[in-house]
Amino acid sequence: MHKDYRPDWDIYTCHIEESPAVIGLDLDLRRFAPLKEKPNAIYVTVYLNNPREDGFPQNDEFAIMGEIEDRLVEQLQTRLDAHFVGRTFSNGVRDFYFYTGTTLLHDKFIADAMINFPDYRYDYGMKEDNNWELYFDFLFPDVYEFQRIQNRKVLRMLQQHGDAGEKERPVEHWIHFRTTEDKNVYWEHIKENGFSLVHEGKTDNPEFPYKLCISRLDKASEAAIDRLVMSLWELAQQVNAEYDGWETSIVK
0 MHKDYRPDWD IYTCHIEESP AVIGLDLDLR RFAPLKEKPN AIYVTVYLNN
50 PREDGFPQND EFAIMGEIED RLVEQLQTRL DAHFVGRTFS NGVRDFYFYT
100 GTTLLHDKFI ADAMINFPDY RYDYGMKEDN NWELYFDFLF PDVYEFQRIQ
150 NRKVLRMLQQ HGDAGEKERP VEHWIHFRTT EDKNVYWEHI KENGFSLVHE
200 GKTDNPEFPY KLCISRLDKA SEAAIDRLVM SLWELAQQVN AEYDGWETSI
250 VK
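Once you know that position 155 of the sequence shown is 154 in numbering that gives the first Met the number 0, the rest is easy, because the numbers rise by one and skip nothing.
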């Protein structure tokens, strides 16, 4: 794995085949995948014994699924040098996903993990997936959900420091542009919505060499930030620009 890789696990909700689902995955892998030395995807499906009506676990089964995950990761990482990339809950099952080079005896190593849980039925499978389509096309969130995940990361940090999300404060945003013309069009539009210009200049990215930093008084609640960020993101898409995140100060 690349020396700059840092595991970055997060979750989001969606639907899988019309059933509500929760997907958890290692987001930082997007920067390095597909890993050429690990072209094979392995999945393990574990069936819940007593799911709720919505298909999610109840009582102690959530903790048991965590124990099963630990055993599977231990076995497949140790025996196959597999990389654990994601998990899903949906329709009464828990699925675990790995990528590996060799798949020799993968069935045995899965059985060695599951022998500790004789009350649980499970299936498994393997397929060649050189482009990591399972990771990018199935597990990975769409652009809207990905931005909401990034928003929640910042909001969690603020909340951990006692931030009062319902209080207004300056919130700064960065947008990167391909041309000065795109930058000017964006600014002419956004300044009408009460934003002020904090900074403009050049970046080190040859694809998006120009940047704006803009600011406005806004709340830092999840609903307010999602609405605000997605409006700025969508406008950036319209002018072929790249929304590059936001930050604010802690307000108590």
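Just so you know, the hints here were simulated from the structure itself, not pulled from any lab data.
One or more of the hints may lead you astray.
[Unchecked claim] Using 25 Å as the maximum straight-line C-alpha spacing, the simulated DSS-like pairs for lysine-lysine come out as follows:
(1) Lys201 to Lys166
(2) Lys218 to Lys251
(3) Lys152 to Lys126
(4) Lys107 to Lys152
(5) Lys152 to Lys2
Structure-based check of all given hints:
Of the supplied pair hints, the one linking Lys201 and Lys166 is violated, its CA atoms being roughly 32 Å apart against a limit of 25 Å. A hinted pair counts as satisfied when its Cα atoms are at most 25 Å apart, and Lys218 with Lys251 qualifies at roughly 12 Å. This hinted pair does not check out: Lys152 and Lys126 have alpha carbons roughly 33 Å apart, beyond 25 Å. Distance hint between Lys107 and Lys152 is unfulfilled; the C-alpha atoms sit about 38 Å from each other, more than 25 Å.
In summary, the hint linking Lys152 to Lys2 is supported, as the alpha carbons are separated by about 23 Å, within the 25 Å threshold.
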